[in-house]
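Number of protein chains: 2
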Amino acid sequence: MGKKNKQFVEKITAMEDDFAKWYTDVVKQADLVDYGQVRGTMIIKPYGYAIWENIRNELDKMIKDTGHSNVAFPLFIPESLLQKEKDHVEGFAPEVAWVTHGGDEELTERIAVRPTSEALFCDYYSKNIHSYRDLPMLYNQWANVVRWEKTTRPFLRSSEFHWQEGHTAHATDEDASKETERMLGVYADVVEKYLAIPVLRGRKTDKEKFAGANYTLTIESLMHDGRALQSGTSHHFGSGFAEAFDITYLDENGESQFVHQTSWGLSTRIMGGLIMVHGDNRGLVVPPRIAPTQAMIVPVAQHKEGVLDKAYDLRDQLKKVIRVGIDASDKSPGWKFNEYEMKGIPIRIEIGPKDIEKEQAVIVRRDIGDKEFVALSELEARVVEVLEEIQTSLFEKALAHRTERTSVATTLEEFKQTLDEKQGFIKAMWCGDQACEEKIKEETMATSRCIPFEQEKIADKCVCCGTEAKELVYWAKAY
Amino acid sequence: MGKKNKQFVEKITAMEDDFAKWYTDVVKQADLVDYGQVRGTMIIKPYGYAIWENIRNELDKMIKDTGHSNVAFPLFIPESLLQKEKDHVEGFAPEVAWVTHGGDEELTERIAVRPTSEALFCDYYSKNIHSYRDLPMLYNQWANVVRWEKTTRPFLRSSEFHWQEGHTAHATDEDASKETERMLGVYADVVEKYLAIPVLRGRKTDKEKFAGANYTLTIESLMHDGRALQSGTSHHFGSGFAEAFDITYLDENGESQFVHQTSWGLSTRIMGGLIMVHGDNRGLVVPPRIAPTQAMIVPVAQHKEGVLDKAYDLRDQLKKVIRVGIDASDKSPGWKFNEYEMKGIPIRIEIGPKDIEKEQAVIVRRDIGDKEFVALSELEARVVEVLEEIQTSLFEKALAHRTERTSVATTLEEFKQTLDEKQGFIKAMWCGDQACEEKIKEETMATSRCIPFEQEKIADKCVCCGTEAKELVYWAKAY
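Chains as they are written, first to last, in this note's numbering: chain A, 1 to 479; chain B, 480 to 958.
Just so you know, these hints were derived from the structure itself, not from any lab. Hints may contain errors.
To be verified - Which stretches of chain A does chain B cover? Using the computed rule of at least three CB atoms under 8 angstroms from a CB of chain B, they are:
1) 30-40
2) 57-71
3) 111-123
4) 148-162
5) 182-189
Unchecked claim - Calculated cross-link-like contacts (lysine-lysine; reagent style PhoX-like; alpha-carbon spacing at most 20 angstroms):
6) A/K416 x A/K477
7) B/K815 x B/K490
8) A/K61 x B/K798
9) B/K606 x A/K28
10) A/K320 x B/K543
11) B/K815 x A/K319
12) A/K64 x B/K798
13) B/K688 x B/K490
Note that CB positions come from ideal geometry on N, CA and C, so glycine has one too.
All chains, full assembly: derive it from the sequences and hints.
What follows is the structure in structure tokens.
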């Protein structure tokens with residue numbers, strides 16, 4: 001292991017030395033992303049895209065299973081339409097990319113490249129919803145959006161990113177609330193069960209909510225360096241957008257009512273979470289359920305008679321139950337081991353002449369490096385089992401890390417000190433006053449991540465001002 | 480049938496009266512598309528998007544099976560990058576939407592919203608291809624592109640449309656040629672086998688080829704009104720882009736060589752083809768293999784005891800083998816019949832008290848209106864069979880229509896007269912001179928659709944100038 005590790009130390013920066021550099025090294029060396037020509041844009045390469053496709057496919061199924069339909073709304077929003085909801089345009093206008101010319105012609109009105117699509121869906125709903133029979137309207141789209149960011153990083157903050165955005169309209173405020181919660185639940189499910197990332201579920205403070213929302217629900221996860229990542233949000237709009245866009249329906253009594261809306265999104269940002277939760281100094285670690293290749297067969301001494309034949313036999317056998325690859329190229333086994341470790345392929349299967357003689361193969365787990373000799377007759381069953389073990393183990397390890405990095409603070413002094421020492425989440429009581437929230441951010445660089453659904457009363461007083469506390473908040477420095 | 484037909488005559492214009500109006504009526508009434516707020520943009524609604532998703536899923540499988548990887552390249556191209564290949568920028572610059580501002584900041588260089596992505600892929604290839612070992616590089620992306628069109632129609636010509644664009648780099652010209660042909664074959668397959676649209680395979684003339692291509696291969700199909708639709712194109716670039724973007728590799732002898740490239744695309748335009756090939760005066764007709772709902776169960780006299788239970792039983796049984804829906808709403812059976820005919824659902828299954836008594840159901844074919852009584856014990860097998868019959872029958876009907884509408888002309892007079900009388904494809908010999916091609920277009924409004932792979936010598940002389948003919952060309956008025 002010594003030599004191999006050394007190669008990697010040269011190839012990627014150690015996490016402990018420079019986490020940000022480690023991140024960009026992994027993104028690059030695991031072949032996930034390259035930089036586009038326009039500032040902050042990214043090229044998602046085949047391996048990165050294959051992971052995203054797997055996440056997308058699982059989430060898409062869940063979105064359809066909960067009754068939503070996919071649609072494709074335009075990329076372009078006229079400026080006047082974007083301006084209809086005041087808070088919304090204030091939130092997004094500073095980062096809009098503006099189209100001003102079509103060919104040689106100067107446009108009479110500027111066009112926004114969508115930073116998010118509420119305005120377009122609201123405009124559509126205002127024309128297409130007439131009666132209570134039209135409700136709920138449950139739309140989703142997989143799309144690219146553009147936000148002109150000053151500082152960008154692949155996946156985490158890019159000028160263009162990919163996401164799905166759900167937009168729904170309901171008859172009552174209560175229906176909209178249920179939808180907001182239900183879709184947060186779907187996000188929590190896909191992130192916990194497929195990406196093996198434990199999440200906190202809660203509500204954003206008013207300061208941190210979506211521009212134009214009544215309230216925003218969020219799932220928050222903790223990265224290896226102790227910083228938090230907002231991993232998916234679900235917004236309740238009440239009738240705010242409906243009033244701005246005049247979206248009404250006739251109820252069962254023939255009376256005109258405003259609809260109640262939600263929107264919710266999960267983006268390629270989560271790829272950043274995946275890297276920073278599971279990755280290590282040998283590179284990426286991909287949870288089996290979303291791994292494009294779940295096991296890679298590496299023949300050893302493949303020039304010896306029968307090795308390649310056996311390796312291909314195993315591939316053909318295993319591909320009926322898992323996503324399996326084989327590397328029979330003339331590169332050295334050592335090179336191959338490093339390459340697939342860097343790419344985070346969950347299992348490596350080695351098979352050489354001695355193994356064939358003993359009717360066995362070697363399974364190596366990417367996450368903990370364990371080596372296991374398995375009889376060929378049991379390989380298929382054991383590989384499936386080990387993939388499940390890895391999936392569970394990644395989740396548990398991430399959960400243990402979050403638990404270890406979650407602290408309690410009852411005074412601002414303690415808050416600062418704990419954050420300096422341990423990073424991670426700080427649980428602290430809050431009076432509900434935005435002034436305190438801002439002061440905490442100013443003094444600690446931590447922001448409120450969420451007001452968790454699971455409330456605890458860990459003190460009576462606000463951690464900042466000492467007046468009566470209203471609720472528990474999770475705080476952290478965040479991406 | 481009389482009354483029902485009358486309702487539709489009121490709902491959509493008859494094809495014979497105004498084909499263009501019929502088309503937009505179907506697009507709207509079958510719930511495929513709505514208009515966006517920015518000129519020429521479209522909202523693809525749930526039903527339209529579900530059909531597109533089915534086409535996309537089949538094509539995506541084929542693209543992956545032929546060894547290509549999906550990626551996501553940026554939406555934005557700096558103007559200077561777009562300008563690197565002279566023919567290419569001349570072809571696309573007049574229809575580029577330009578971003579000039581990011582938030583409040585005026586950009587130092589204008590940014591094109593991609594009209595197509597050759598420039599970005601070439602730039603990437605120039606940086607990422609080093610050795611013959613890196614080749615071939617076989618990338619594909621599903622993306623939205625923008626072309627600022629003056630006259631637009633849903634699906635057929637929209638300012639923003641959706642497509643996949645493949646971009647590949649190869650060691651030799653021959654490898655690139657094989658790829659160009661192979662991907663045209665994939666397009667022909669998906670369009671013929673899934674969309675049930677027969678296609679002509681051939682090469683575009685130089686006048687009609689892609690801006691920057693060495694040559695362009697195309698599949699061309701014939702619409703119900705006798706106009707042609709370019710349905711998918713595959714471009715061979717030779718080393719033209721490689722020279723402009725400096726994309727080289729070291730061959731096995733260590734010598735630097737330019738790569739040879741291709742690109743190929745199939746877009747939401749094909750949805751227009753689907754409508755105009757199979758649709759009729761009762762609306763859309765969707766081929767079973769891409770139909771989101773292959774059969775719709777409509778209970779008759781559903782208030783009677785046992786009807787709904789039986790209908791749901793059938794649904795549960797059929798959903799194991801086909802994509803089946805049920806409409807148990809309180810709308811009248813007549814309304815439902817009309818609605819699902821308009822949407823082109825291949826099969827309607829009626830089940831009422833009398834049917835239950837006789838242990839049968841009624842199958843109604845959307846395409847030809849045939850009604851068939853089927854014993855419930857045989858329903859599952861028969862529905863699957865009928866779906867295949869419809870798929871085949873749609874293709875054969877479209878092929879017969881194309882054959883009927885394909886004529887031969889040996890003089891320009893005959894060309895004009897036949898085109899006036901029959902529309903459709905005109906097969907005529909051509910000398911290869913662009914002047915003749917332009918003259919034909921000027922005098923007949925027909926453009927060269929393709930130089931078919933299957934050549935015939937129907938005359939010795941060019942249909943236009945009378946000098947020695949070089950090859951057979953299919954001509955038609957086109958969308």
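Which of the listed hints are not met by the structure?
-> When the structure is compared with the hints, numbers 5, 11, 13 turn out to be violated.
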